[in-house]
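Trainee: In the order they appear, the protein sequences are chains A and B.
Position one of the first sequence corresponds to residue 182 (our numbering), numbered consecutively onward.
Position one of the second sequence corresponds to residue 2 (our numbering), numbered consecutively onward.
Just so you know, the hints here were simulated from the structure itself, not pulled from any lab data.
Accuracy of the hints is not assured; some may be wrong.
[What the hints assert, rightly or not] Quick list of in silico lysine-lysine cross-link-like pairs, PhoX-like style, CA-CA up to 25 Å: (1) Lys236(B) with Lys411(B); (2) Lys363(B) with Lys354(A); (3) Lys266(A) with Lys354(A); (4) Lys411(B) with Lys234(B); (5) Lys396(B) with Lys412(B); (6) Lys363(B) with Lys331(A); (7) Lys363(B) with Lys323(A); (8) Lys323(A) with Lys354(A); (9) Lys354(A) with Lys299(A).
[To be verified] Beyond 10 Å from chain A on every Cβ pair, some chain B residues (computed): (10) Leu165; (11) Lys309; (12) Ala399.
Just so we're clear, the structure is a prediction, and the values are computed from it rather than from any experiment.
Idealized CB from N, CA, C, for every residue including glycine.
The chain contents come next:
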Amino acid sequence: MAKKKTEPTRRDFMTIAAGSFAAVGGAAALWPFIDQMNPDASALSLATIEVDLSPIPVGQSITVSWRGKPIFIRHRTPEEIEAAKAVKIDELPDPEARNDNISATAEATDLNRVSTGKGDTAKHENWMILIGICTHLGCIPKGQRIGDAKGEFDGWFCPCHGSHYDTAGRIRKGPAPRNLEVPVYEFISENKIKIG
Amino acid sequence: MAHVSTYKPNSAIEKWMDDRLPVMRMMHDQFNDFPTPRNLNYLWTFGGILTFCLAVQMATGIVLAMHYVPQETMAFDSVEHIMRDVNFGWLLRYIHFNGASLFFLAVYIHIARGMYYGSYKAPREVLWIIGVLIFLAMMATAFMGYSLVWGQMSFWAVTVITNLFSSLDSIIPGLGTTVVEWIWGGFSVGGPTLTRLFSLHYLLPFVIAGLVILHIWALHVPGSNNPTGIDIKSKSDAISFNPYYTVKDGFAMSMFVILFAAFVFYAPNFMGHPDNYIEADPLVTPPHIVPEWYFLPYYAILRAIPSKLLGVVAMFGSIGLLLFLPWLDTSKVRSARYRPIFKWFLLLFFVNAVALGYLGAKPPEGAFLIWGRICTAYYFVFLLVIMPVVGWIEKPAAMPGSITDDVLGKKPVPAK
Numbered sequence: 182m183a184k185k186k187t188e189p190t191r192r193d194f195m196t197i198a199a200g201s202f203a204a205v206g207g208a209a210a211l212w213p214f215i216d217q218m219n220p221d222a223s224a225l226s227l228a229t230i231e232v233d234l235s236p237i238p239v240g241q242s243i244t245v246s247w248r249g250k251p252i253f254i255r256h257r258t259p260e261e262i263e264a265a266k267a268v269k270i271d272e273l274p275d276p277e278a279r280n281d282n283i284s285a286t287a288e289a290t291d292l293n294r295v296s297t298g299k300g301d302t303a304k305h306e307n308w309m310i311l312i313g314i315c316t317h318l319g320c321i322p323k324g325q326r327i328g329d330a331k332g333e334f335d336g337w338f339c340p341c342h343g344s345h346y347d348t349a350g351r352i353r354k355g356p357a358p359r360n361l362e363v364p365v366y367e368f369i370s371e372n373k374i375k376i377g
Numbered sequence: 002m003a004h005v006s007t008y009k010p011n012s013a014i015e016k017w018m019d020d021r022l023p024v025m026r027m028m029h030d031q032f033n034d035f036p037t038p039r040n041l042n043y044l045w046t047f048g049g050i051l052t053f054c055l056a057v058q059m060a061t062g063i064v065l066a067m068h069y070v071p072q073e074t075m076a077f078d079s080v081e082h083i084m085r086d087v088n089f090g091w092l093l094r095y096i097h098f099n100g101a102s103l104f105f106l107a108v109y110i111h112i113a114r115g116m117y118y119g120s121y122k123a124p125r126e127v128l129w130i131i132g133v134l135i136f137l138a139m140m141a142t143a144f145m146g147y148s149l150v151w152g153q154m155s156f157w158a159v160t161v162i163t164n165l166f167s168s169l170d171s172i173i174p175g176l177g178t179t180v181v182e183w184i185w186g187g188f189s190v191g192g193p194t195l196t197r198l199f200s201l202h203y204l205l206p207f208v209i210a211g212l213v214i215l216h217i218w219a220l221h222v223p224g225s226n227n228p229t230g231i232d233i234k235s236k237s238d239a240i241s242f243n244p245y246y247t248v249k250d251g252f253a254m255s256m257f258v259i260l261f262a263a264f265v266f267y268a269p270n271f272m273g274h275p276d277n278y279i280e281a282d283p284l285v286t287p288p289h290i291v292p293e294w295y296f297l298p299y300y301a302i303l304r305a306i307p308s309k310l311l312g313v314v315a316m317f318g319s320i321g322l323l324l325f326l327p328w329l330d331t332s333k334v335r336s337a338r339y340r341p342i343f344k345w346f347l348l349l350f351f352v353n354a355v356a357l358g359y360l361g362a363k364p365p366e367g368a369f370l371i372w373g374r375i376c377t378a379y380y381f382v383f384l385l386v387i388m389p390v391v392g393w394i395e396k397p398a399a400m401p402g403s404i405t406d407d408v409l410g411k412k413p414v415p416a417k
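For reference, chain B alone in the conformation it holds in the complex:
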């Protein structure tokens, strides 16, 4: 796409195929001889890791669906059946269950990398937006998957989250209730809800896979960003994707799999909640409902705001705003490495996000509630005020002339 094809068919068959469907040419040009900045650090390996996570979730999910029963009275038992009776069922389910958490761990690092090095800026805005859409689809998929276990936490998570839509009642009376009953297929969360969540949980990963293809396509038009944020200017700035980055990605992936395996084999329920091993009971709410860890920051934002409708708007808005990041950031400099003021605000934003996650797990009262409000305020102030303003007033630090200059340690060029 972005460079001249270097594919040479080696045999008559390859030549024959190349004239009809040049899939080998595409693979060669995009994943073998694809010019990639020579200075990518390990934070750039998470794209590959995330593709791996998606593949693992789909593979384990398809086989789990062979044993799972999406029916109100049998769902919980069928999960226990998978754990106890199905050959290697425990392993497949623990991989799928922990895989979701590690998928989110990787995607948060991937997003933070993109924010720190300005990977959302021109000409990568569409790439970034597709990424945010993938993130949203991941959240929907994870939420639906969690509900399928039909334990107490599953059931009440579905109840609380679907009830978010009832806040529409405060705009048009009755609208929210109608929407919620439409989502439930009844007057409360029940059998019909479970079946549709299962259907959509199976569908969405394929949607994500399609979005991932678009994401990679949009990446391969301008090519990868890099820690300096400077474009490739000469041949010495780039190396070919294979073998250099296939090896680097492969090594990072191996490390990631070790972490993954540590959870699956030594602490499979570390990221779960014991209440979810109690079957769903529509008449008893557990005393303390918490979502999975990867939703906690958004849960904290929801609870920080006393108005129900505004809380919901803030929660969805906190993710929706990310779509506009390329335009909220007014600086021309991509990498935070050369942005002396922005860098600290951004690092504080990351700390703030972790703090919101901590607060999301705490009861919403006293100091936790006050801190929840402070952190929520910073989240929005950073995106809506600090990002545009710092872009205008900040004087960027001296930048290297090129990727090669940076790698070879040449003297930086002072900013104009």
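Chain A extracted, bound-state conformation:
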């Protein structure tokens, strides 16, 4: 039975209006079920920690925990700093500094990697502060303990899938796409930093 084409009726309008109302309401009701999975207030409140750097001798490292993540703190030797400075930016797989203290587009020079964004960078360039999570798939790279494999560039080496980081925590070889991230931190005294 061929139906004649007719003008939309009031019933058509009501059907579409009711359907749209139900769809929007359904989508809105879904949001609490999705958002409940996001980090909750107690996770967000674990904001800052303070770390005393004075017990760390030159050439050694410590790992502290911040927001459930390992933070690598390495007291770099002058040779390590020189090695990191000698690298040209165009040799780096990831040319960006990945330092949360400075501009997002800064180049991954050694100074930009250790910068707290406060202008006293050169004074503290012996301290390398990093989030110790491989940017590939989240393993903790080796290189913090004496005797650990440090990789081909003497920084850190991720054993999971073979990423090599240099002494400024920059990715040099392997599947990781980005340099190790530098967290927000500042020097609150000569030998003390606040992370977060």
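The hints should help you fit chain B onto chain A, whose structure is shown.
Mentor: Here is chain B on its own, set in the frame of chain A:
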């Protein structure tokens, strides 16, 4: 569904029930007097074995959940509590733990059977697709279950796998990180992650059970495929499911249970990793992370590709492509038995899959990495190139006229 009902109610009660909810009629027609090809070999017993595996996992899982504590500081200890203190806890956990491995062993054989005999081809495409969805749900369930032990391997497996989603950062910066933190419920894998994995680990088996019902439904519309790939043409091609295949399935299942019991009682940790008996430590990654054996081929594909995003895409794509198998294969002939060229490529595909599994357990360097790339390439070339092309150029071998002819050894009919 596919045949005329032969159910006859024997009593007034059965008659009364049949007029209201004909569940007895359904059971009779689908699992008693269901016409089934007379020539099914033992590879066709894995459907029943898999149903058994699902039932065992659900039964043991429900009771294990009565003793397990899905909480960051107590999860690992509660598993040890199950092993040491709970009556028969060691047995229930070892059944559940080894049951997962045997479930996958059976499902891989079941999938390979389907591929060899062309069980994915018309009119069984929907049956096949539901099967792939069950496989995906199984993988998700197994992964989540493994995480609940909260040992070192559990913890780092969760870290590595959830971090796969951070590769979305290379499409839209920040998207991947947002998704990963949403999955974690924090800034790293922790207590909130564990609780949600437990919740979903409990849920998914029921989803699988629902999919299994659809899978069997979709199977019972066209009926079972068989080693010749030829449809049932006459009454002599088929026998009734019960007692013939209930007995055959039952015998195969008994053999399978013997293997199962051998693992549970004599080598319960053979398929596990000793590092998972160390409690999760978020600050130390074990030197060599490997997934459970049944994920190794996909892990090898992930690591074969140097780009993070493409590695993830390839890994999920390797399973996703299976959904399109009915259309990637262009041949009209179902069974590889009558496909002289395809058969060898397919057998090589199976060998290749095992090789990928071997490589997935090795460190990704040197020759292992090169072979990983070769095997990954073959996996995709087989599905995307060899399958369609061989279907076009191959001349099928002579096929028997019917299932009965094949069983009685009659001369095959040359292909037209």
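Trainee: Against each hint, give a clear statement of whether it holds in the structure.
Mentor: Results of checking the hints against the structure:
1. Lys236(B) with Lys411(B): 17 Å, holds
2. Lys363(B) with Lys354(A): Holds. Lys363(B) to Lys354(A) sits at ~19 Å (cutoff 25 Å).
3. Lys266(A) with Lys354(A): Holds, at roughly 17 Å.
4. Lys411(B) with Lys234(B): 16 Å, holds
5. Lys396(B) with Lys412(B): Judged against 25 Å, a Cα distance of about 18 Å means the pair holds.
6. Lys363(B) with Lys331(A): Distance of about 21 Å is within 25 Å: holds.
7. Lys363(B) with Lys323(A): 19 Å, holds
8. Lys323(A) with Lys354(A): 15 Å, holds
9. Lys354(A) with Lys299(A): 31 Å, violated
10. Leu165: With a cut-off of 10 Å, Leu165(B) comes too close to chain A, as the shortest Cβ separation is near 7 Å.
11. Lys309: Lys309(B) is in fact no farther than 10 Å from some Cβ atom of chain A, at 5 Å.
12. Ala399: 50 Å, holds
In summary, the numbered hints that this structure violates are 9, 10, 11.
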